[in-house]
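J.: What follows is each chain in one-letter form.
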Amino acid sequence: QKEVEQNSGPLSVPEGAIASLNCTYSDRGSQSFFWYRQYSGKSPELIMSIYSNGDKEDGRFTAQLNKASQYVSLLIRDSQPSDSATYLCAVNKGGNQFYFGTGTSLTVIP
Amino acid sequence: DTGVSQDPRHKITKRGQNVTFRCDPISEHNRLYWYRQTLGQGPEFLTYFQNEAQLEKSRLLSDRFSAERPKGSFSTLEIQRTEQGDSAMYLCASSPFESGEQFFGPGTRLTVL
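For the protein sequence lines, the chains are A and B, in the order given. Letter 36 of the first sequence, counting from 1, is numbered 36 in my numbering, and no numbers are missing. Letter 43 of the second sequence, counting from 1, is numbered 43 in my numbering, and no numbers are missing.
Simulated from the structure, these hints should not be mistaken for lab results. Heads up, a few of these hints could be off.
Claimed, not checked - Below are the EDC-like pairs computed for lysine to aspartate or glutamate, each with C-alpha atoms no more than 16 Å apart in a straight line:
1. K93(A) to E44(B)
2. K71(B) to D24(B)
3. K93(A) to E15(A)
4. K11(B) to E83(B)
5. K93(A) to E98(B)
6. K2(A) to D27(A)
7. K93(A) to E3(A)
8. K2(A) to E44(B)
9. K93(A) to E101(B)
10. K42(A) to D7(B)
11. K57(B) to E68(B)
12. K71(B) to E98(B)
13. K14(B) to E78(B)
14. K11(B) to E78(B)
15. K93(A) to E78(B)
16. K14(B) to D86(B)
17. K42(A) to D83(A)
18. K14(B) to E83(B)
So here's chain A without its partners, still in its complex pose:
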């Protein structure tokens, strides 16, 4: 079983719509959770971190964490073509090892 699982996509949404990206993790003791955006050929760029159950909003982005169900999601409101990228979910189980999913490819169609 993989530590972190994401749907690889591709996910396509029209410009202005809400994009919903999901991630599940295997270790119930995981402590911190992160979403990164990665453009083709570039390195990951941190979008958001979330540490406790519930929602966390930052501009057009909302991260949601449900530890009981072991999932993390990222909502992107008013999606823009510049949001087209691969979105990586990362999980820390405590200590200093971070586990990344394989990423979900998002395309925002103008």
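Starting from the known structure of chain A, arrange chain B on it as the hints suggest.
T.: Positioned in the frame of chain A, the structure of chain B alone reads:
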């Protein structure tokens, strides 16, 4: 603050050669991580430093790989006797605290011919 930097950005080498990559973390970050990423995969943890101490190594890291952070500032990752399977993007990240947000450098893309 210019962020995390890595050098070189690209490296092409022949199988069997040794290569060394450098990472300069964000100056106030004492935690430094190395990852490897291949096409279609997420970054895969290789090793971690807190200051100059190498505290964790992935069991996937063969003995051909070695990393150092001699003065708790920049770090180097060396791959000896490179193999074609070593071709990947090598990413460095730094963080100000444990379990915290990591900030990635631009990566070094290694191609082994």
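J.: Hints first: check each against the structure and report whether it holds.
T.: Results for each hint:
1. K93(A) to E44(B): holds, 15 Å
2. K71(B) to D24(B): Status holds; Cα separation ~12 Å.
3. K93(A) to E15(A): Roughly 35 Å separates the two Cα atoms, so the pair is violated.
4. K11(B) to E83(B): holds, 14 Å
5. K93(A) to E98(B): holds, 11 Å
6. K2(A) to D27(A): holds, 10 Å
7. K93(A) to E3(A): holds, 10 Å
8. K2(A) to E44(B): holds, 12 Å
9. K93(A) to E101(B): Holds, because 13 Å separates the two Cα atoms, which is no more than 16 Å.
10. K42(A) to D7(B): Between K42(A) and D7(B) the Cα gap is close to 15 Å, so the pair holds against 16 Å.
11. K57(B) to E68(B): Holds, at roughly 12 Å.
12. K71(B) to E98(B): violated, 19 Å
13. K14(B) to E78(B): Judged against 16 Å, a Cα distance of about 15 Å means the pair holds.
14. K11(B) to E78(B): Since the Cα atoms of K11(B) and E78(B) sit roughly 12 Å apart, the hinted pair holds (cutoff 16 Å).
15. K93(A) to E78(B): The given pair, whose Cα atoms are some 27 Å apart, is violated under the 16 Å limit.
16. K14(B) to D86(B): holds, 11 Å
17. K42(A) to D83(A): The hint holds at about 14 Å.
18. K14(B) to E83(B): Status holds; Cα separation ~8 Å.
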